[in-house]
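Produce the complete structure using the sequences and hints provided.
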Amino acid sequence: MIGFALDMDGTVYHGERPIEGVKEFIDNLIANNIPFRFITNNSSHSRSFYGDRLRRMGFNIRDEDVLTSTIATLRFLKEERAGKTVCPVATEDVMAEIVASGVPLATWDQNPDIVLFTYDTTIDYAKINAIYHALANGSELVVTHPDDVCPSESGYDIDVGPFITMFESLSGRKATVVGKPNRLILDMAALEMGVPADKIVMAGDRLSTDIQMAVDAGCSSILVLSGETDRALLEASGLKPTFVYNSVADVDIFDIMDTLSTNHLN
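Quick note on the numbering used here: the sequence shown kicks off at 35 and runs consecutively.
Don't read these hints as lab results, they were simulated from the structure.
Just so you know, these numbers come straight off a predicted model, no measurement behind them.
Worth double-checking, as some hints may not be accurate.
[Said to hold, decoys possible] Okay, derived cross-link-like pairs now, BS3-like style, lysine-lysine, Cα gap no bigger than 27 Å in a straight line:
#1 K233 - K118
#2 K112 - K161
#3 K208 - K112
#4 K161 - K233
#5 K233 - K208
#6 K118 - K161
#7 K57 - K233
In structure tokens form, the structure reads like this:
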């Protein structure tokens with residue numbers, strides 16, 4: 035059995051518009067009891083926000099079918115940094131998700147063990163300075179994902195990547211980053227699906243996160259050309275995804291499964 039992990043923006047939808055034919059692809063997975071997870075690095079909203087968005091687009095999915103970098107990072111904190119106090123930098127709905135997770139929280143004046151940095155679209159100079167002061171006092175910086183830019187309706191917006199560079203430079207210490215291309219999030223998706231990580235097929239439009247993660251994890255990948263990447267970028271990258279399609283809508287899941295099964299036997 036294989037499972038499918040699907041990036042969202044540029045792979046499943048553009049903004050509030052689903053990519054044509056992708057709903058039928060997901061319906062086919064559901065009808066054939068093939069496990070799947072939507073995986074997004076975007077930590078500006080909660081898991082339920084993305085579940086609601088997909089359902090509005092007509093996808094018959096549960097919130098649990100979505101794995102955000104926030105959810106993955108909270109699991110990492112509870113498993114790998116158990117008992118450490120956390121001061122989050124997050125939007126209002128993500129903050130509520132963090133509080134509900136049960137990680138021990140601290141305020142800036144309580145010298146938190148960890149600063150949890152998400153894609154906080156409400157960030158301001160006061161928050162930036164608070165993070166800097168906490169890091170100067172010894173806090174660890176844990177970040178949900180490394181993306182430099184995030185797709186938006188008008189093109190791309192600055193994401194958390196440039197802040198990571200700034201804070202690492204100021205503190206002299208490396209941040210701990212959980213989301214794609216770190217395979218931690220892929221391993222969590224595999225665990226949720228009950229599928230070995232090397233049996234996951236990762237479908238996405240971004241070479242530096244989706245495809246790089248699959249390559250690093252030793253699993254199969256589908257590069258779709260419906261988002262960030264075109265064939266010229268692919269050729270220049272040196273990366274070799276297992277499959278390349280114009281869109282997820284062009285993927286025949288049974289051809290994929292037969293091809294992977296044949297390759298495994300060979």
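Outcome of the hint check:
| no. | hint | in the structure |
| --- | --- | --- |
| 1 | K233 - K118 | violated (34 Å) |
| 2 | K112 - K161 | holds (24 Å) |
| 3 | K208 - K112 | holds (20 Å) |
| 4 | K161 - K233 | violated (41 Å) |
| 5 | K233 - K208 | violated (31 Å) |
| 6 | K118 - K161 | holds (21 Å) |
| 7 | K57 - K233 | holds (23 Å) |
In terms of the numbered hints stated before, the structure departs from hints 1, 4 and 5, listed from lowest to highest.
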